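Asks: Residue numbers (the numbering used here), protein chains in the order written: chain A, 5 to 423; chain B, 5 to 423.
In short, the hints are calculated from the structure, not lab data. Check the hints yourself; a few may be wrong.
Unchecked claim - Calculated lysine to any residue pairs in the SDA-like style (CA-CA distance at most 20 Å, straight line):
hint, chain 1, residue 1, chain 2, residue 2
1, A, Lys-19, B, Lys-107
2, B, Lys-285, A, Ile-421
3, A, Lys-107, B, Asp-221
4, A, Lys-106, B, Leu-386
5, A, Lys-106, B, Lys-107
6, B, Lys-19, A, Glu-191
7, A, Lys-106, B, Asp-221
8, A, Lys-19, A, Pro-178
9, A, Lys-198, B, Asp-221
10, B, Lys-106, A, Met-359
11, B, Lys-107, A, Asp-380
12, B, Lys-107, A, Pro-178
13, B, Lys-19, A, Arg-363
14, B, Lys-198, A, Asp-380
The model shown is predicted, which means the values in this text are computed figures rather than measured ones.
Spelled out, the chains give:
Number of protein chains: 2
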Amino acid sequence: MNLEQNIIQTAAETKRASRILASSESRSKNMALNTLARMLRASEEKILEANIIDLNAAKEKGLDEARTERLKITSKTIESMALACEEVAAMDDPVGAIEDMKKRPSGIMVGRMRIPLGVVAIIYESRPNVTIDSAILCLKAGNAVILRGGSEAFNSNRCLASLISQALKESGLPEKGVSVLPTTEREAVRIMLKLDEYIDVVIPRGGEGLIRAVVNDATMPVLKHYKGVCHIYVHKDADLNQALEIVYNAKVQRPGVCNALECLLVHKDIAGVFLPMVAQKLGQAGVQFKACQDSLYMLGDTASPATELDWGFEYLSLKLAVKVVGSQSQAHDHIDRYGSNHSEAILTSDYSRAMRFIREVDASAIFVNSSTRFNDGGEFGLGAEIGISTSKLHAYGPMGVRELTSAKFVVLGDGQIRA
Amino acid sequence: MNLEQNIIQTAAETKRASRILASSESRSKNMALNTLARMLRASEEKILEANIIDLNAAKEKGLDEARTERLKITSKTIESMALACEEVAAMDDPVGAIEDMKKRPSGIMVGRMRIPLGVVAIIYESRPNVTIDSAILCLKAGNAVILRGGSEAFNSNRCLASLISQALKESGLPEKGVSVLPTTEREAVRIMLKLDEYIDVVIPRGGEGLIRAVVNDATMPVLKHYKGVCHIYVHKDADLNQALEIVYNAKVQRPGVCNALECLLVHKDIAGVFLPMVAQKLGQAGVQFKACQDSLYMLGDTASPATELDWGFEYLSLKLAVKVVGSQSQAHDHIDRYGSNHSEAILTSDYSRAMRFIREVDASAIFVNSSTRFNDGGEFGLGAEIGISTSKLHAYGPMGVRELTSAKFVVLGDGQIRA
């Protein structure tokens with residue numbers, strides 16, 4: 005069997021499994037999730053062994069520190085995977101609910117029933133906990149899943165996926181409900197992305213290059229999360245002490261994530277007061293500033309002049325671009341041009357300014373007087389998330405279990421025909 | 005300016021117009037729709053003249069009768085376009101509504117605000133009323149729209165689009181909110197389908213070949229409506245008189261549309277009674293049967309043996325495939341294999357049978373004891389529709405104004421930071 009046949013077979017088997025999963029009981033799905041939690045804890049040794057094979061290979065290949073760190077599984081990682089399984093098991097099952105059942109003038113009753121999407125392919129980079137996190141959300145929503153992790157985590161991912169298959173089997177569900185692409189060859193992904201007959205949606209989780217490649221190759225829909233270049237605009241009437249706490253939180257609390265602040269926009273009337281406060285507090289935390297001409301002298305010694313490349317740049321580190329703007333319109337224009345439709349915030353005490361920002365700015369989440377760091381499935385009440393969509397079709401913002409479903413119309417009649 | 009530059013310019017102008025439309029008031033949008041209704045009625049002569057140019061060209065080219073018929077605009081068509089504008093104007097504006105606003109444990113308030121998708125490209129075949137129907141739904145939802153109609157309707161479409169632009173302008177909205185691809189060259193579509201920077205979604209309306217080509221070429225999401233191969237399964241306990249009316253309605257009332265019946269599945273225990281009833285009533289209406297071996301002798305003289313090609317075939321005419329099945333499971337298997345995820349019906353008096361059909365069959369609309377002909381935005385209460393999605397991402401089933409929107413998260417805080 006050649007590579008293509010091998011992948012087609014995997015996809016076809018997953019599709020068949022998806023039919024069974026689609027109409028399986030919540031009870032069975034939850035049993036599988038709880039079984040998986042137990043098995044993860046019981047298999048700690050086996051998982052760590054598989055992970056060490058990957059870590060040793062990474063060392064030999066000279067993988068950089070950040071990626072090696074993301075590749076590493078510890079007892080703590082395993083416990084958090086197990087807890088995630090239990091948490092997802094405890095969530096409501098969206099599938100099967102019939103919403104908005106209405107009687108129409110013709111006499112038919114029409115409602116919408118939540119259904120799984122079918123087969124979800126997940127393409128991701130090094131972090132192996134994504135294997136568990138993605139798979140359990142897909143399974144909860146009644147989907148089957150094909151996983152394609154980073155090649156450097158191949159052994160870790162295969163070990164985790166085999167535990168999922170076993171948990172499915174022990175709960176009376178099809179073990180082929182989860183599969184891992186059987187090879188680390190890059191060509192395998194390109195082949196998979198043409199199989200829209202079997203795969204309903206693909207979710208890439210990783211850098212911009214990965215996502216662009218998937219968008220270009222895929223014939224099935226792609227739920228994508230591009231970079232997060234988040235701005236906070238501090239209007240002249242903002243409560244500056246509150247603003248300082250929010251800016252600090254958004255930039256410093258966890259700088260390596262997509263909802264962290266990358267560019268601060270400050271109204272000119274308060275820049276002279278506010279930016280030195282920012283320079284002091286964030287400077288102490290090690291933040292380096294890339295400043296526009298107007299703000300450079302307000303930000304102290306660590307500031308250096310911003311270049312055109314700094315606008316719209318996702319640092320994912322303790323760097324912050326800073327720009328003074330003359331008006332709210334200028335802030336909107338900057339965000340329109342350099343933002344990434346992820347998370348955008350305004351800090352103001354003016355009702356109309358806030359309403360205008362909400363109405364006009366195009367991003368998956370718009371914040372008034374709060375930190376962009378809240379753009380997260382858990383914080384928004386969706387439960388665990390599989391990513392944050394920055395494009396508008398199907399889902400915009402954090403995607404939880406519900407976003408992994410669709411809805412079909414259900415019509416209950418009593419002999420009605422169309423006039 | 006070459007073709008590519010020309011199309012990029014059109015797309016970029018439409019994108020700019022979409023920003024303005026996105027935050028325009030309902031009042032302005034409705035004014036534009038009502039103005040358009042008035043202008044359509046007042047411009048009857050001009051529209052018919054443009055249409056006659058297309059009709060004459062079609063005659064010269066030897067376009068077949070069905071397509072010429074679809075190309076033709078009459079006073080009646082114009083009045084129905086005008087009425088559609090008024091109807092859409094009278095509908096609720098989905099944009100701007102904030103749904104599900106909830107307070108989270110962190111203290112932030114989180115809701116979802118309906119927003120337009122942005123720029124919608126519509127690619128369609130000969131019927132020029134689609135120009136008005138599509139454009140007004142997109143505009144109501146605050147989207148800008150790029151139209152690419154059939155080349156044989158180029159003059160009719162250009163005339164209609166210019167009326168829309170004028171109506172937008174007169175209502176204080178950007179006239180570039182609607183544009184027509186400036187050429188009939190096929191290459192123009194291929195160029196447009198790579199412009200995901202400007203175009204948020206493409207909706208092809210037409211045959212399977214058109215849709216497949218769009219899916220393969222487009223880098224932006226595609227909302228697609230493949231063929232409608234609809235089945236009715238008549239279980240052994242169905243009320244046969246009611247079943248006869250439903251089958252007749254689904255096949256005969258309007259055979260040329262996607263929600264018409266194409267294949268009748270009948271349980272073996274009642275085939276001998278029910279199929280002669282079908283043969284008589286539908287035969288009188290001119291229906292020809294393509295019958296499986298078991299049903300052939302029950303369907304009278306007009307029946308001929310079905311071949312493998314008849315299963316899953318979209319006749320769009322007074323032909324009906326008929327198959328006798330031994331069980332509900334066999335009916336499901338047949339639908340799984342040959343259905344098109346459009347509209348599927350069961351006729352039965354058994355509660356459990358009906359529930360099983362609803363749960364297990366995968367189609368955009370599932371019918372119990374009613375005609376598949378109800379799969380329609382108007383009948384389901386969505387208002388006018390832009391098509392029926394047969395794939396599950398974003399929308400499944402009829403797509404009305406709401407399906408032409410997305411939702412962003414809105415977070416109202418009071419200084420909250422993430423712990």
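Asks: Please go over all the hints and tell whether each is borne out by the structure.
Replies: Checked hints:
no. : hint                  : in the structure
1   : A/Lys-19 - B/Lys-107  : 39 Å, violated
2   : B/Lys-285 - A/Ile-421 : 16 Å, holds
3   : A/Lys-107 - B/Asp-221 : 41 Å, violated
4   : A/Lys-106 - B/Leu-386 : 12 Å, holds
5   : A/Lys-106 - B/Lys-107 : 29 Å, violated
6   : B/Lys-19 - A/Glu-191  : 36 Å, violated
7   : A/Lys-106 - B/Asp-221 : 39 Å, violated
8   : A/Lys-19 - A/Pro-178  : 11 Å, holds
9   : A/Lys-198 - B/Asp-221 : 12 Å, holds
10  : B/Lys-106 - A/Met-359 : 18 Å, holds
11  : B/Lys-107 - A/Asp-380 : 15 Å, holds
12  : B/Lys-107 - A/Pro-178 : 39 Å, violated
13  : B/Lys-19 - A/Arg-363  : 17 Å, holds
14  : B/Lys-198 - A/Asp-380 : 31 Å, violated
The structure is inconsistent with the numbered hints 1, 3, 5, 6, 7, 12, 14, although it conforms to all the rest.
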